[in-house]
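Q: Here's the letter readout for the chains.
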Amino acid sequence: MVKLCVLIAAVSLLPILCLSFSPDNPTDRRVLVLLDDLSLKSSHSIFFNSIKSRGFDVDFKLADDPKLSLQRYGQYLYDALILFSPSTDRFGGSLDLAGVLDFVDSGHDLILAADESASDLIRNIATECGVDFDEDSSAIVIDHKSYAVSETEGDHTLIVSDDFIQSDVILGSTKVEAPVLYKGIAHSVNAANSLVLKVLSASPSAYSANPSSKLSSPPLLSGSAISLVSVVQARNNARITITGSLDMFSNRLLRSGVQKAGDSNKYSKSGNEQFVTELSRWVFHERGHLKAVNLRHHKVGETDEPAIYRINDDLEFSVEIYEWSGKSWEPYVTNDVQVQFYMMSPYVLKTLSTDQKGLYHTSFKVPDVYGVFQFKVEYQRLGYTALSLSKQIPVRPFRHNEYERFIPTAFPYYGASFTTMAGFFIFSIVYLYNK
Amino acid sequence: MARSLAGFLVLILAISICDAASIFQPISDSHRSAALDLFKPVDGSFASLEETYEALRTFEILGINKKPDVSTATCGTVSKALSSSSSTPKDLFDALRVNSILKCKINAEVFEGIISKLQAAVSGASSLHDFYYSIGSLGLIKDQTSKADLHLSDAEGIFRSIKALSQSDGRWRYSSNNPESSTIAAGVALETLAGVVSLASSEVDQSMIGIVQNDIMKLFDSIEKYDDGAFYFDEKVVNVHEHSGPLSTSSSVVRGLTAFTTVATGSLNLPGDKILGLAKFFLGIGIPGDSKDFFNQIDSLAFLESNRVSIPLILSLPSTVVSLTKKENLMVKVNTVLGSKAPPLTVKLVRAYSTSSKDTSIIENKELSFDPERVVYFLDALPDSVDVGSYIFVFKVVLHDSERKDVYVTGTLTHVQIFLTGHVKIGNAEIAVLDNDLGTIETQRKLDLAGENAVSLSANHLQKLHLSFQLTTPRGSAFKPHQAFLKLRHETKVEHVFLVGNSGKKFEITLDFLGLVEKLFYLSGKYDIQLTVGDAVMENSLLSEIGYVELDLPEAPEKAPRPPPQAVDPYSRYGPKAEISHIFRAPEKRPPKELSFTFLGLILLPFIGFLIGLLRLGVNLKNFPTSSVPATFAILFHVGIAAVLLLYVLFWLKLDLFTTLKTLSFLGVFLMFVGHRILSHLASASSKLKSG
Chain A
1 MVKLCVLIAA
11 VSLLPILCLS
21 FSPDNPTDRR
31 VLVLLDDLSL
41 KSSHSIFFNS
51 IKSRGFDVDF
61 KLADDPKLSL
71 QRYGQYLYDA
81 LILFSPSTDR
91 FGGSLDLAGV
101 LDFVDSGHDL
111 ILAADESASD
121 LIRNIATECG
131 VDFDEDSSAI
141 VIDHKSYAVS
151 ETEGDHTLIV
161 SDDFIQSDVI
171 LGSTKVEAPV
181 LYKGIAHSVN
191 AANSLVLKVL
201 SASPSAYSAN
211 PSSKLSSPPL
221 LSGSAISLVS
231 VVQARNNARI
241 TITGSLDMFS
251 NRLLRSGVQK
261 AGDSNKYSKS
271 GNEQFVTELS
281 RWVFHERGHL
291 KAVNLRHHKV
301 GETDEPAIYR
311 INDDLEFSVE
321 IYEWSGKSWE
331 PYVTNDVQVQ
341 FYMMSPYVLK
351 TLSTDQKGLY
361 HTSFKVPDVY
371 GVFQFKVEYQ
381 RLGYTALSLS
391 KQIPVRPFRH
401 NEYERFIPTA
411 FPYYGASFTT
421 MAGFFIFSIV
431 YLYNK
Chain B
1 MARSLAGFLV
11 LILAISICDA
21 ASIFQPISDS
31 HRSAALDLFK
41 PVDGSFASLE
51 ETYEALRTFE
61 ILGINKKPDV
71 STATCGTVSK
81 ALSSSSSTPK
91 DLFDALRVNS
101 ILKCKINAEV
111 FEGIISKLQA
121 AVSGASSLHD
131 FYYSIGSLGL
141 IKDQTSKADL
151 HLSDAEGIFR
161 SIKALSQSDG
171 RWRYSSNNPE
181 SSTIAAGVAL
191 ETLAGVVSLA
201 SSEVDQSMIG
211 IVQNDIMKLF
221 DSIEKYDDGA
231 FYFDEKVVNV
241 HEHSGPLSTS
251 SSVVRGLTAF
261 TTVATGSLNL
271 PGDKILGLAK
281 FFLGIGIPGD
291 SKDFFNQIDS
301 LAFLESNRVS
311 IPLILSLPST
321 VVSLTKKENL
331 MVKVNTVLGS
341 KAPPLTVKLV
351 RAYSTSSKDT
361 SIIENKELSF
371 DPERVVYFLD
381 ALPDSVDVGS
391 YIFVFKVVLH
401 DSERKDVYVT
411 GTLTHVQIFL
421 TGHVKIGNAE
431 IAVLDNDLGT
441 IETQRKLDLA
451 GENAVSLSAN
461 HLQKLHLSFQ
471 LTTPRGSAFK
481 PHQAFLKLRH
491 ETKVEHVFLV
501 GNSGKKFEIT
511 LDFLGLVEKL
521 FYLSGKYDIQ
531 LTVGDAVMEN
541 SLLSEIGYVE
551 LDLPEAPEKA
561 PRPPPQAVDP
571 YSRYGPKAEI
581 SHIFRAPEKR
591 PPKELSFTFL
601 GLILLPFIGF
611 LIGLLRLGVN
621 LKNFPTSSVP
631 ATFAILFHVG
641 IAAVLLLYVL
651 FWLKLDLFTT
661 LKTLSFLGVF
671 LMFVGHRILS
681 HLASASSKLK
691 SG
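Which chain is which? The protein sequence lines are A and B, in order. Quick note: the first sequence, position 192, residue 192 per full-length UniProt numbering, numbers continuous. Quick note: the second sequence, position 678, residue 678 per full-length UniProt numbering, numbers continuous.
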């Protein structure tokens with residue numbers, strides 16, 4: 001009976017499991033959006049519609065929904081979480097700070113947007129991800145040099161920025177032409193955390209302060225140290241986007257035109273839509289997710305993989321790398337994939353050549369040091385998921401009969417022995433039978 | 001619920017941040033383009049008749065001419081819905097609503113059939129929605145067919161049965177067996193009652209209308225308010241249903257209210273500021289991204305614009321940032337909510353005061369001039385005493401025609417935050433290095449902060465760096481910007497920000513390096529100097545790289561704080577690594593082959609000499625045994641020796657040690673046997689010779 005129940009449960013869960021995030025199909029499928037207020041659904045509808053139109057199953061919930069839960073029976077119900085609930089002090093249901101962090105730690109993705117009303121909970125989530133929002137809760141980003149020219153907003157808190165990270169994988173191959181409108185709070189990235197990247201930085205003249213009160217001490221954050229949008233790619237390839245502006249995703253700023261102060265270029269549409277759409281594609285693993293398969297090696301002239309190499313053997317190495325395009329695995333073409341022949345430290349580190357179809361190959365001579373080596377492909381590039389493959393292979397020295405046998409230099413010695421032997425043979429006959 | 005209200009508040013505050021002085025812009029062209037984006041028909045028609053109505057109604061209100069043509073496909077759906085016998089009152093209602101806009105050709109018999117069906121539905125109705133759809137449909141038929149004789153037989157009875165669902169606080173229940181009362185239902189009920197009144201064959205009892213009007217007043221007691229003057233209705237019961245937010249609730253009430261006031265004869269004394277507040281609420285939402293919300297917003301605003309009780313007028317400013325330097329005029333627009341022209345009126349500036357000092361007014365009681373061409377009211381010129389800064393302007397709208405005062409509501413006073421900006425003069429900028437003890441100037445440079453500067457200074461920890469400049473507003477008074485930072489950036493990208501303080505007109509900062517060595521982490525070297533001066537009202541905010549100062553600081557003591565770690569450049573962190581190739585052990589050095597072969601030849605010489613020596617000595621083999629048995633043994637003995645020697649050659653050429661030793665052991669035994677035989681034979685032969 002129990003078995004039957006388990007079977008039924010397994011069968012009924014099967015379609016859910018098949019649809020969800022998996023190594024073969026790394027794009028997220030089910031997205032949970034937590035809101036302070038359901039009206040955000042309408043005021044940020046362009047962003048949500050672009051996610052829905054890409055085939056995501058978007059579930060909207062209030063952040064204090066008492067039935068809120070990310071997992072059931074140890075299985076996560078969602079692949080990605082969008083926290084558009086800056087003022088939430090406590091999540092409803094069983095979700096808490098640790099719950100969100102566990103969600104990320106198990107390889108799921110997160111988009112977090114805060115604003116001036118950011119609560120301690122939201123700030124703590126950001127801090128755990130390596131991003132520190134300005135401690136002064138009344139401070140917002142002000143920029144008197146690169147603000148958006150606006151008829152109705154005169155306090156220069158609606159700023160523009162076009163200081164993007166130079167990465168096609170994070171922001172798409174089409175350049176974001178128009179600057180991005182931003183209105184919100186500043187954050188800085190933890191310098192000790194190498195996984196956090198500033199995607200959008202403020203201009204050198206920006207600072208984070210309360211616009212309505214006089215400054216009594218220098219601002220904690222100023223200039224290009226202010227990050228407006230940051231991303232984290234964790235070691236388990238979970239991706240996180242953190243920004244201090246919820247308005248950045250709003251229909252109002254997505255539709256709005258933009259003109260930077262002191263710049264005669266007027267764009268009819270801000271770069272926000274392209275920016276947030278491309279960023280969400282990256283976060284949801286629709287781009288920049290790599291896989292490496294068919295790691296192969298063999299001696300030159302052979303095709304089978306040997307169990308062991310001898311020192312000074314010539315070998316050929318190949319690996320195939322593919323990038324997930326959101327729908328299928330496409331060959332990944334680049335020229336900087338490297339292989340290491342590694343024992344404690346790399347003995348050989350060689351850049352692989354590619355056939356432009358995803359196959360990377362090279363050949364090299366096994367070093368004249370024996371021991372247990374590894375073929376290592378460690379590929380870490382800005383914005384791409386990290387590839388780390390290794391395959392162990394022992395290397396042995398020459399066997400006794402594999403050394404050189406007839407060394408010309410030794411011929412005088414051989415000659416001496418053999419003439420002595422011949423002499424002995426003749427001498428023994430002569431000595432015995434001479435009369 | 002409080003949370004969701006707070007969220008809405010944040011949203012509205014985000015749209016216009018200054019809470020005391022929000023401006024609400026009337027519906028404009030951005031709404032029109034958004035409407036075309038939101039309502040997009042698929043294959044020439046919308047998903048449902050309800051959606052079709054919402055789209056068509058929105059287009060109609062906004063006056064969009066380039067709307068998608070859906071009439072052919074939709075008219076077919078409408079007539080099918082009307083003639084189908086299985087249509088519910090709601091289907092009929094939606095179809096008739098669409099028809100009221102599209103004006104499809106529908107047979108008169110079809111209407112006859114529906115009328116009797118609906119009449120029956122009205123008399124058998126029990127829930128509010130049944131009443132609403134059937135009475136609404138009948139009303140729509142009356143409008144569309146100009147049937148003057150279409151009446152409800154028992155209007156008063158129906159009126160009473162609907163009224164029976166009302167609650168004491170002005171809200172309504174959906175049906176008699178559902179105890180939960182709702183604000184949306186109140187709006188629906190009011191709309192239904194309006195329908196009943198207009199369909200009644202005789203005048204409905206005035207006292208009953210009076211009771212309903214009383215209910216409306218009670219309903220308005222439950223209205224809620226935002227800080228910025230917007231009023232809205234909300235459901236008291238928390239219900240995470242799709243469309244039951246403040247927008248749909250307020251929208252339902254507005255629809256019911258305007259419908260009821262249109263038919264009811266008695267006057268209703270609704271407070272004008274609440275009607276205006278409702279209008280502000282709908283406008284404050286901005287452009288919703290949801291088609292249902294969009295329709296609710298536009299439809300409600302249209303009802304507010306055309307209602308009989310009070311039409312809200314919205315005071316808006318095309319621009320709240322006014323440049324003093326460019327001599328821009330402050331302009332004010334007064335429109336209805338949908339952006340159409342307001343009746344003749346005067347806009348008065350009651351007073352204006354600085355945000356920092358609320359008590360002193362800079363302007364009082366000034367009337368704005370009217371520009372009929374652009375339909376704007378403008379302030380001719382600001383008095384000379386008005387300087388750059390942020391101000392609150394308080395406006396009042398006064399209607400010319402005193403009779404229309406009852407029709408239009410304008411609100412009492414409108415507070416608007418205005419930024420008066422200007423070009424701030426920067427002068428007397430200089431930077432100097434001072435000696436600590438005496439304060440004598442060692443090096444001093446003049447700066448042109450608006451232009452390029454490349455100052456190079458050097459100082460040690462006993463000296464001071466002094467920077468000073470003056471800021472003057474266009475009106476000649478001292479200006480204090482919000483942002484006046486001096487930034488020192490070390491080569492290692494460690495940054496230090498200092499606030500530049502002011503004393504009167506002059507801004508100055510003195511950096512005493514002796515007191516700062518700890519803060520500078522004892523880092524000697526080149527520091528770039530950057531000055532940022534900026535303010536919201538300063539048109540020429542500047543970020544100027546002044547140059548650098550070469551600092552010579554003492555060595556850091558052991559316990560000195562370390563500079564914070566700087567972020568690694570992400571581009572360099574991820575590049576490919578340098579290639580490594582293994583360096584193989586070099587092969588041993590060997591002499592050339594020729595030399596080896598020469599020595600091989602030399603090695604052979606003694607052997608040849610030995611052979612020649614033997615021949616010279618004249619060796620013979622006369623001692624070889626003559627008898628056959630010893631001769632055989634002798635031959636075998638020497639063959640054995642040759643075999644052993646050959647074995648050695650083979651060992652060298654190809655055999656391994658084990659094969660060689662095995663063979664050698666057999667050969668050895670054989671050799672010993674034959675050797676013993678031949679040697680003993682030779683020994684006995686020689687002893688015989690000696691003795692003999």
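Mixed in with the good hints, there may be bad ones.
Dumping the calculated BS3-like pairs for lysine-lysine here, alpha-carbon to alpha-carbon at most 27 Å [what the hints assert, rightly or not]: (1) Lys-90(B) with Lys-103(B); (2) Lys-480(B) with Lys-214(A); (3) Lys-435(A) with Lys-103(B); (4) Lys-589(B) with Lys-365(A); (5) Lys-577(B) with Lys-391(A); (6) Lys-266(A) with Lys-326(B); (7) Lys-327(B) with Lys-266(A); (8) Lys-214(A) with Lys-690(B); (9) Lys-266(A) with Lys-117(B); (10) Lys-519(B) with Lys-350(A); (11) Lys-52(A) with Lys-90(B); (12) Lys-505(B) with Lys-61(A); (13) Lys-577(B) with Lys-291(A); (14) Lys-67(B) with Lys-269(A); (15) Lys-67(A) with Lys-52(A); (16) Lys-327(A) with Lys-357(A); (17) Lys-145(A) with Lys-493(B); (18) Lys-52(A) with Lys-480(B); (19) Lys-690(B) with Lys-435(A); (20) Lys-67(B) with Lys-61(A); (21) Lys-493(B) with Lys-41(A); (22) Lys-292(B) with Lys-145(A); (23) Lys-214(A) with Lys-519(B); (24) Lys-214(A) with Lys-225(B); (25) Lys-365(A) with Lys-577(B); (26) Lys-493(B) with Lys-506(B); (27) Lys-376(A) with Lys-40(B); (28) Lys-269(A) with Lys-40(B); (29) Lys-145(A) with Lys-446(B).
Simulated from the structure, these hints should not be mistaken for lab results.
Q: Hint compliance check: list the failing hint numbers for this structure, sorted ascending.
A: 3, 8, 9, 10, 11, 12, 18, 20, 21, 22, 24, 26 and 27
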